[in-house]
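Trainee: Protein chains in written order, with my numbering: chain B, 1 to 200; chain X, 1 to 340.
If you are wondering where the hints come from, they were derived from the structure by calculation, not from laboratory data.
Here the structure is a predicted model, which means the values were calculated and not measured.
Some clues are possibly wrong.
[Claimed, not checked] Going by beta-carbon spacing under 10 angstroms, a handful of chain B positions derived as facing chain X: (1) R63; (2) G86; (3) G89; (4) V100; (5) M109; (6) E111; (7) Q114; (8) Q125; (9) L157; (10) V158; (11) R170; (12) R179.
Glycine included, each C-beta is placed from N, C-alpha and C at the ideal position.
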Amino acid sequence: MSSDCSRRAFLGAAASSAALSVAPASSAAAAESNPAPAASARVPRVVSLRVNGQPHSLALDTRTTLLDALREHLGLTGAKKGCDHGQCGACTVHVDGRRVLSCLTLAAMAEGRQVATIEGLAGGQGRLHPMQQAFIDCDGFQCGYCTPGQIMSAVALVQEGRVESDGQIREFMSGNLCRCAAYPNIVAAINQAKTEMGRA
Amino acid sequence: MRPFVYQRPEDITAVAAIFAGTRQNAGPPSAAAAQFIAGGTTILDLMKLDVMQPETLIDISRLDGLSEIEERPDGLRLGALARMDDVARHPSVTRRYPVIAESLDAAASPQLRNMATLGGNVLQRTRCTYFRDTSWSACNKRAPGSGCAAMDGFNRAHAVLGVSSRCIATYPGDLGQALIALDAVVETRRQGAGRTIPFAALHRQPGERPDLETTLEPDEMIVGFFVPAGAWTRRSHYVKIRDRESYEFALASAAIALDMPAGGPVRQARIALGGLATTPWRAREAEAVLTGKPLTPELAEEAGDVALRDARGRKHNAFKIALGRQTVARALLETAAMEA
Numbered sequence: 001m002s003s004d005c006s007r008r009a010f011l012g013a014a015a016s017s018a019a020l021s022v023a024p025a026s027s028a029a030a031a032e033s034n035p036a037p038a039a040s041a042r043v044p045r046v047v048s049l050r051v052n053g054q055p056h057s058l059a060l061d062t063r064t065t066l067l068d069a070l071r072e073h074l075g076l077t078g079a080k081k082g083c084d085h086g087q088c089g090a091c092t093v094h095v096d097g098r099r100v101l102s103c104l105t106l107a108a109m110a111e112g113r114q115v116a117t118i119e120g121l122a123g124g125q126g127r128l129h130p131m132q133q134a135f136i137d138c139d140g141f142q143c144g145y146c147t148p149g150q151i152m153s154a155v156a157l158v159q160e161g162r163v164e165s166d167g168q169i170r171e172f173m174s175g176n177l178c179r180c181a182a183y184p185n186i187v188a189a190i191n192q193a194k195t196e197m198g199r200a
Numbered sequence: 001m002r003p004f005v006y007q008r009p010e011d012i013t014a015v016a017a018i019f020a021g022t023r024q025n026a027g028p029p030s031a032a033a034a035q036f037i038a039g040g041t042t043i044l045d046l047m048k049l050d051v052m053q054p055e056t057l058i059d060i061s062r063l064d065g066l067s068e069i070e071e072r073p074d075g076l077r078l079g080a081l082a083r084m085d086d087v088a089r090h091p092s093v094t095r096r097y098p099v100i101a102e103s104l105d106a107a108a109s110p111q112l113r114n115m116a117t118l119g120g121n122v123l124q125r126t127r128c129t130y131f132r133d134t135s136w137s138a139c140n141k142r143a144p145g146s147g148c149a150a151m152d153g154f155n156r157a158h159a160v161l162g163v164s165s166r167c168i169a170t171y172p173g174d175l176g177q178a179l180i181a182l183d184a185v186v187e188t189r190r191q192g193a194g195r196t197i198p199f200a201a202l203h204r205q206p207g208e209r210p211d212l213e214t215t216l217e218p219d220e221m222i223v224g225f226f227v228p229a230g231a232w233t234r235r236s237h238y239v240k241i242r243d244r245e246s247y248e249f250a251l252a253s254a255a256i257a258l259d260m261p262a263g264g265p266v267r268q269a270r271i272a273l274g275g276l277a278t279t280p281w282r283a284r285e286a287e288a289v290l291t292g293k294p295l296t297p298e299l300a301e302e303a304g305d306v307a308l309r310d311a312r313g314r315k316h317n318a319f320k321i322a323l324g325r326q327t328v329a330r331a332l333l334e335t336a337a338m339e340a
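Given these sequences and hints, build the entire structure.
Mentor: Here is the structure:
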């Protein structure tokens, strides 16, 4: 398969064409398009989201979760849909700097908040975030499905200061399941990255 | 998930008008056409399962002034919209009301604790698998009068205290045990007027109407909690026993608060049980056993026996009676050994 017809490129293109139907990307327009009480649950709501520093305006069914908005409407497929019930942590993103589950957050509830996903984590010039590099160095994954959620959770864990012992890391990473059971290597990766992040 | 209208009032005074504009249906508050959403961790889960079917969600998460954590001379005031993790990490809570911090830290996952609010947490609905799976037609909580599939079904996680012939579902929360042990008060608001309810009167026993879970009106919103100060709050502790060490619901838990000098006799004890009962459960008779006596291992076991005296096991959950006794005894001894 050539790189320009990869699954990721296909998903990205599909999301871009879906985005053609949405309202103009301006928060003023968004505010005007949401007059007082919506008459019907079938009327899409214009939702302004700020994801990895970029503003987006989407016309969404009110049922759309933040996870589905990211994946299906913005083409940001890093956050994964594992259980879709807040039990596995694969959908973990940061909202206003805190790790949360995007599958149990309505997109409308994230309006005006700062959303950060795995796609926004790496620095410029292809330089990975220390936590991403540590997961590679320590073999912190096998199939990789839970990895974006693990890494977003782990970055927040370090910022929360809950990395004083392996036991504390395990306890405060318990919201991220890994069915390949890469847990010992994930703990090692976090121990490596916490030092790097402390220097940054 | 069924379609719904999403409303997000900016001001608490707007809530009543929004609620009044929604369809007013008969039935229990949990089935009202309009529901409040704050953290969303319970209601969105139950909407995806089609257990809850609101037509309107009123997002109260951005209302001002409901997130405060304030320690006062007479007690601790906790805003209903304070997030679980913020309360669990607050120095006033960890130092002088440790049972509250410990019960929160033992609940859910870090992500969920960043999302869920205290008001929503105490209203968390049961994890009974028959309640959550709508392919089971018999659930008196979900469909009043339909029966109870859990009573003679797989009921290992179910309650041994407070059970009626209609419902055996366990109250799933942890914070509720700390709040009932500390005699907390719930502050609510409805149609512009406030009232207070003892925390112990917030949840209803299932009795004949397991669908009626609380004493709140459909449009009544919890705005905060007040936990009175007392000599017992510092020496307080939460022990939670579960199938795995983290991120799991309790099979048995105990919230303990003791007023006692180190090594001396117990002046006053408070004991609440979780994972065992249909609601947050205060074990007052077991508390009385301890009054005026030194807390020996024998006395702790006696209190555990008394706390579970009225428990009734069914096919898969009878082990919880012995587990509950030991949980109470262990929690009492650990609390007595605290440096407070």
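Trainee: Now, for every hint given, state plainly whether the structure supports it.
Mentor: Structure-based check of each hint:
1. Given hint, B/R63 at the interface with chain X, holds; its Cβ is 5 angstroms from that chain's nearest Cβ, closer than 10 angstroms.
2. Against a cut-off of 10 angstroms between C-beta atoms, the interface hint on B/G86 holds, since the closest Cβ of chain X lies about 6 angstroms away.
3. With a cut of 10 angstroms, the hint placing B/G89 at the interface with chain X holds, because the nearest CB-to-CB distance is about 6 angstroms.
4. Using the Cβ-Cβ criterion of 10 angstroms, the hint placing B/V100 at the interface with chain X is satisfied: the shortest such distance is roughly 5 angstroms.
5. For B/M109, the suggested interface contact is upheld, since its CB lies about 6 angstroms from the closest CB of chain X, less than 10 angstroms.
6. Hint on B/E111 holds. Least Cβ distance to chain X is approximately 8 angstroms, under the 10 angstroms limit.
7. The beta carbon of B/Q114 comes no nearer than 14 angstroms to any beta carbon in chain X, farther than 10 angstroms, and the hint placing it at the interface is violated.
8. A hinted interface residue such as B/Q125 counts as satisfied when its beta carbon comes closer than 10 angstroms to some beta carbon of chain X; here the least separation is about 31 angstroms, so the hint is violated.
9. Using the Cβ-Cβ criterion of 10 angstroms, the hint placing B/L157 at the interface with chain X is satisfied: the shortest such distance is roughly 7 angstroms.
10. With its C-beta approaching chain X no nearer than about 12 angstroms, B/V158 sits outside the 10 angstroms limit, and its interface hint is violated.
11. The criterion of a C-beta within 10 angstroms of any C-beta in chain X is met by B/R170, whose closest approach is roughly 7 angstroms, and the hint holds.
12. Checking B/R179 against chain X: minimum C-beta separation of about 15 angstroms lies over 10 angstroms; hint violated.
Of the hints listed earlier, those the structure fails to meet are numbers 7, 8, 10, 12, in rising order.
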